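Peer 1: Here are the chains, one letter per residue:
4 protein chains.
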Amino acid sequence: MLRIGMLTSGGDCQALNAAMRGVVKGICSKRDDVEIYGFKDGYKGLIYADFSMLTSKDFSGILTRGGTILGTSRQPFKLMRVPDKDGLDKVEAMKHTYHKLNLNCLVILGGNGTHKTANMLREEGLNVITLPKTIDNDLWGTEMTFGFQSAVDIATDTIDRIHTTATSHSRVFIIEVMGHKVGHVTLHAGIAGGADIILIPEIPYDIKSIAKVIEGRSKAGKPFTILAVAEGAISKEDAKLKKKEYKEKLEKRKYPSIAYELAEQIEKETDKEVRITVPGHTQRGGSPCAYDRVFATRVGAKAAELILKEQYGYMVAMKNGETTKVPLADVAGKLKTVDPKCSIIKEARMIGISFGDE
Amino acid sequence: MLRIGMLTSGGDCQALNAAMRGVVKGICSKRDDVEIYGFKDGYKGLIYADFSMLTSKDFSGILTRGGTILGTSRQPFKLMRVPDKDGLDKVEAMKHTYHKLNLNCLVILGGNGTHKTANMLREEGLNVITLPKTIDNDLWGTEMTFGFQSAVDIATDTIDRIHTTATSHSRVFIIEVMGHKVGHVTLHAGIAGGADIILIPEIPYDIKSIAKVIEGRSKAGKPFTILAVAEGAISKEDAKLKKKEYKEKLEKRKYPSIAYELAEQIEKETDKEVRITVPGHTQRGGSPCAYDRVFATRVGAKAAELILKEQYGYMVAMKNGETTKVPLADVAGKLKTVDPKCSIIKEARMIGISFGDE
Amino acid sequence: MLRIGMLTSGGDCQALNAAMRGVVKGICSKRDDVEIYGFKDGYKGLIYADFSMLTSKDFSGILTRGGTILGTSRQPFKLMRVPDKDGLDKVEAMKHTYHKLNLNCLVILGGNGTHKTANMLREEGLNVITLPKTIDNDLWGTEMTFGFQSAVDIATDTIDRIHTTATSHSRVFIIEVMGHKVGHVTLHAGIAGGADIILIPEIPYDIKSIAKVIEGRSKAGKPFTILAVAEGAISKEDAKLKKKEYKEKLEKRKYPSIAYELAEQIEKETDKEVRITVPGHTQRGGSPCAYDRVFATRVGAKAAELILKEQYGYMVAMKNGETTKVPLADVAGKLKTVDPKCSIIKEARMIGISFGDE
Amino acid sequence: MLRIGMLTSGGDCQALNAAMRGVVKGICSKRDDVEIYGFKDGYKGLIYADFSMLTSKDFSGILTRGGTILGTSRQPFKLMRVPDKDGLDKVEAMKHTYHKLNLNCLVILGGNGTHKTANMLREEGLNVITLPKTIDNDLWGTEMTFGFQSAVDIATDTIDRIHTTATSHSRVFIIEVMGHKVGHVTLHAGIAGGADIILIPEIPYDIKSIAKVIEGRSKAGKPFTILAVAEGAISKEDAKLKKKEYKEKLEKRKYPSIAYELAEQIEKETDKEVRITVPGHTQRGGSPCAYDRVFATRVGAKAAELILKEQYGYMVAMKNGETTKVPLADVAGKLKTVDPKCSIIKEARMIGISFGDE
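Chains as they are written, first to last, in the working numbering: chain A, 1 to 358; chain B, 359 to 716; chain C, 717 to 1074; chain D, 1075 to 1432.
For reference, chain A alone in the conformation it holds in the complex:
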C-alpha cells in the first residue's frame, strides 16, 4: 500500500488543482494500492490531523478549476516551533500525524514560506516532495512556477482595459500588481500591457525621474501615461533605510498601498490627474491559463514518477523546458529576484520603458 499525504499551503493560485490532478493520475496509472490523505487548509490540516481520504475520482475534472480543493492557509515558518494556544508544538504534531497515518510521503504545493517548512519536515526525517506554486515566480532552482503566467495574463488584461480609458481622458493611470518582494509579474505584465513606466522592488525609483517621463510624454504629444507598480516597489530614499526603519515607516503610511502614495506624489510633481487600479486577489483567481495547466500537469506527473521511484527530498523544477528535481535543501529560503541587469530589463529599456531610475 502506498499512503500519500497531500496539502496546499500559502496564498492560493491558479493550477493548484491541475498539479494535484497530475500527481494522482500519474501514480494511479501505475499502482492500484494507493491511499490519498488530503489535508485541509495547508499545514493546519497536518498539525491537527484534519484530512479526508480521497480517490483518483476526486481529482478528475479539476484541471481547469481555480483555487484548491484542499483549501489553504498561511502558517508562517517563524511560528512553526512556537506552541499553539493549547501548548502544542506544531512540528511535533505534524510528525505525529505523519507517523500515525503511516504515510509513505507528503506532497506539498507551495511557495517560499511553504518550502522552508517542507525542508524542515525533511530534516525531521519525513519523505517530502514539493511542487513550485506561486504567482510570484520567485522560487530558487526552477525557471518557472505555476500561477505566474495566469497572474501575468490577468494583470495584463487589467492594463489593456485601462489603456482605452487612459487614452480617452489624458490621465496618469497607476496599476498596482501583486509582488511584495519581487517584480517578475509586474515586469512581464508591464511589458505585455505596454506600460510606459514599470516600478519593481529590485530597481528603486526616484519620483523626480517618474515626473520627468510623464512630462516628456506630454511634450511629445502623448497626454497619458501608464505606470505599472509592484506592491513592494521602493523609492531610492527608502531603499537606503535599514530594514526595520523601513518597516516602521510602512506601518505609519496613511495609504492602503504604494499606488495611493505614488498617486499623491505624482499629482504634486506634475499637473496630471492620477487614477488607481488595484486588481488585487483577482490575480490569483479563476481558471489557470493554458501555459500553467501544461506546466502544472507536467510537474505533477514528474512528482508521481519520483514517488514511484521513492526519490524524496526534492522540489520538482523546470529547467530549459524539461522537468527535473532539485534538492529541497538547495531551494528552501532562497528568493529568485529580478536581476536588474538581465536581458529582459535591458530589452524593456531599449524600447523606451522607464524603470523610474534614470
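Quick list of the computed label-pair ranges, beta carbon to beta carbon: (1) A:K249 - B:E609: 24 to 32 Å; (2) C:P1043 - B:Q623: 47 to 55 Å; (3) A:M53 - B:P614: 42 to 50 Å.
In case anyone wonders, no lab produced these hints; they're calculated from the structure. Keep in mind the model is a prediction, meaning the values are calculated, not measured. A virtual CB, placed ideally from N, CA and C, is assigned to each residue, including glycine.
Use these hints to put chains B, C and D onto chain A, whose structure you have.
Peer 2: Positioned in the frame of chain A, the structure of chains B, C and D alone reads:
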C-alpha cells in the same frame, strides 16, 4: 451640404466608438455631401472650437475599440453658465462655435450630466440628437444604455475570479462595483457572479444584518461570503441624514471608499478576515461586449435616420427591444434607479441573496 | 412533501445549470419538505425512470458551469408515440414514471421540440413548468431565451479573430454560425463582429448579389470581406423549391455544410480566395455569459414561485424585461423567426450590411 | 542615415505587430536618422517595390493588435527562381529593390518557408535579420516562436467549451488543431484542455488503438472522449507509404480534413456518435496573449540591437529564457518536430493520455 458636429462627454465607456460608427455609416450610406466635425474632449471641444474634420474612413474599423476616438472630459452642468478663467460664458461659446461652423446638428453621446447640458443647448435653439451612453444604465426613457452590459461582464468576471480564491481561504470578500447613485451594475454583476450579499444605494443596509448573513453561512458549513457593493451604497443610519450632513460625513471618511469601511465593520462584527477588490476603471475599459456593440450600432443607425429626416431634440432610446426616440426635455435631469420592489430584486431575494436590510 | 421532477432536453447550451439552481434555490428558500428527482439525459430518463435523488447542495456552485448536470438527449416529438424496440409507448411510460413517483410537477428545460412534448404531457394531465432554453432564441412567447447571448458572444469572438487574419490576407472569410431554421444568432453576431454580409434563413440570398458586394468592396479599397452565414441560410432559387425537394437536394449536397457550398460559388463568381470557419459546438459550450446567468436565474426563481403557488401548464417567459408566465398551449410548436422588416434588420442595412438579397 | 526594409511573410499570426513595434522602438530610441520601408504583403512587396515609408508613430499602439499592419502573403520558396508571368526573376527583383532603395538591411518576420528565402537573400549578399514567427513553434534554433502560445490558448479554449457539451451528451468530440507537419500546438492544447487522446504527425496512430481507448473509457463510466488531432496526423499504415503515394492518397480523400475521416472511422469502430470542431483560422487571429507580447517585444528589441551593431545574417532566437542570435544558415530549411521520446510526451502518457499508438 450636411454639417454634423459630434462629441462624447462624461466618463468614457465601451461602445462609444461603435455608436459613432453607426451614426456615420448610417448617414454616409444615404448622402455624399456630409461634413463631420469631431469635437475634442467633450463639450470642451465645442466651447473652444477644438475639432478635427473627419471622414467616414475615420470611423471604419473602430467597432471593437474601447474608449472614444474623440476623447472626453467631464464638464459639470452646474458650471456651464459660470464663466471660465478668461471670462468666457461656456454656453454662449458653444452656440458661437455651432453657428460659426454652420452646423446642421450636434450628435452628443453621454450620460446624465451630459443630457442636462444637451437639453440646455436644445433650449438655446441648437439641433441636438443624443445617444444613451453610460455603464450605469440610469438614463430615464430607455430600457438600456450602452456600456452597461460590458461593465456588468467585467464586474462579473472579477467576482468569478474572487470566488475561487474565496473558497480556498474561508474569507469574506468585498467587491466594490461602479455606481455612485444607482445599483444596476452591482445588482446584475452580483447575481451573475453568485454574490451572497448585494448592497446598492437604493436599498440601505444594516451592518448587523450583514454580519448575521455571514455567520449564518458559517453555521451552514459555507465558510466564505461574497459581498458585492456599489460605490454609493449607504447604511440605514446614514440614509436618515440630510444630504448635506451625509456629504460632510463622506468627506471625513478615513477610507478611500465604502469597501474599506465595510471591511472594518465586518471584521469588528464577525471573526472573519475580509479582503477587498476594486476593479475600478477597468469596468469602463476594453472592447465592448457583443451586446453593447449591437445596441450601440442600432441606436447609432437610428440617430442617422433622425438626422436624415431632420428630426431633432431627441435622445435615441430602446424600448421593448425596438429603437425609438424620446424628447430630450423628458429625459434631462431624471435618474432611473433600481426600484426596490421590482421583479429582479424579488427574484434575487427568492434565491437567497441578501440586500443587507432584513 | 413537494416532489419535483426535473429534466433538460434537446441540444445543451449555457446556463442550464444556472436555471436549475434558480428553481431549486427558490423553492428551498421557502420549503424544507422537498424531494428533487433529476431525470438523466432528458425525456429518456423520464421514460425509463432513470433518475437520481438530488438535494439543494447538488445545485450549489453550478451557476457558472456550462452543460447540464442532468445530461440531455434529443428525443424527437414525432417519435414519442412510436413504440421503442421493446414495444414501450414512451408517452405512457413517462406518465407511469410521473405517477409512480407521485410527483407534484415536472420542471422541463428545453427548446422548440422539447416544448411540444412538454405540452403533450400537460394535455395528458401532468403538471408541467418549462424554462426557455435555446441558443436560437426562437421560442414563441418570450423575448429572450437563455443560451442565446452566450452563443452570440462566442460567434462574435470568432468573427473578431477572423477579422485580423482577414485584413492581413485580402481574402473572403465565411463564418458559419449555428441556426438551422432561424437567424437570430447570426444576425446579432454578424452585427457585433462587423460582418459585411449576413445570410439568414429568413432572407434568401442571391449569389450574384453577394459577388457584387465583394467586388464593390475591392473597388473601394477594402480587399477583404467577412460573411456570416447561418447554417440554414437558403438561396432565392432553393427557397422556391418545395420543402421535400429542397430536403432531397440538401441530402445530395457534396459539402458538409452551407459554408463550403458558398465558398465554391464565391470563388467561381469572384477572383477571391475564400476561407471557412465553423465554430460549431463551441457555440453551446463553456461558462454562460453574465447576461445569461442573470436571465436564467430570474426565470428559474420565477418557476419556483409558480410551483409554490401550484400554477402549472406554463412556460416562464421574459417580456419587456419582466419575468412572466405564458400558457404552454400558446407556445408549443411555434417558431419565432427574424422578421425581415424588423427594426434591427433595417438598422443593419442602414450601416451598409448586405443580406445578399439586393 | 539608416534605411531599414521590413516585411512579414507566410501565414499571419499574433504578435507580428508587437515584434515590429519592438524593432522600431528599439532603433528609434538610439538613432534619429532612420528611414523605414514597409513592404506590402510579404516578399511580394519587395519583388514589386510596393512599399510605404513608415515612421515610429505607425508602430505606436499596435502592441495588442492581431494580424500585421504590413499585410502578408505566401511566396513559396520553390517558385522564387521561377519567373513570374512577365518573365521577372523574383530573386533578382528583390535584390534590385534592395539596392535601388539603398537599404542597410531587411527585417523579415516569418516561419519556415520565409526563412529559406531569407537565407537565400543573405547568400545573395543582402543584410538580413529575421524574427521567429509561427504558431507552429517548428523553427530550428529557438526554443519558442511568437504566435505559438496564443494559438495554444485559442485551441485550449475551444477544447474547454467542447468539454461541457461533451459531458452533457456522451459523445466523442474531435477537435482539429492547426499543424500540418508538427504537433506542438496540438500537444500543448491537448494537455491544457484535458484531451483523452492526442494525435500528432510525429506519432502515427492506429484506429483500433483509438477505439480501444474510447471503449475503455465507456466501461470505466466515462461516456465521452475528447480527441485533439493535428491537421497533419497520420495513421501507422499511411506512415509506411512513400511520400508521393501518401500525397496522392490525400488528394483523393473525400473529406475536407483528417477530423472528418477519423469521425467516420470511429463511428465504424465504436457505437459512439462523433462531433467535429475545427477552430481553423481563429487560431491565428485576435490579440496576442501576454506571453507572446513579451516574447515578440524582446526579440524585436534584440533585433534592433543587432541592427545598431550591424550584425547581420541572423535569426533572433530564445534559448533558456534569454534572447540570442543564430546564424540564418544554421536555421533555414530545418524543422523542429516533437520528439516522441521527450519528457512532455512521457509526462502526458503518465497521466493517462493516449497517443493512439499503444
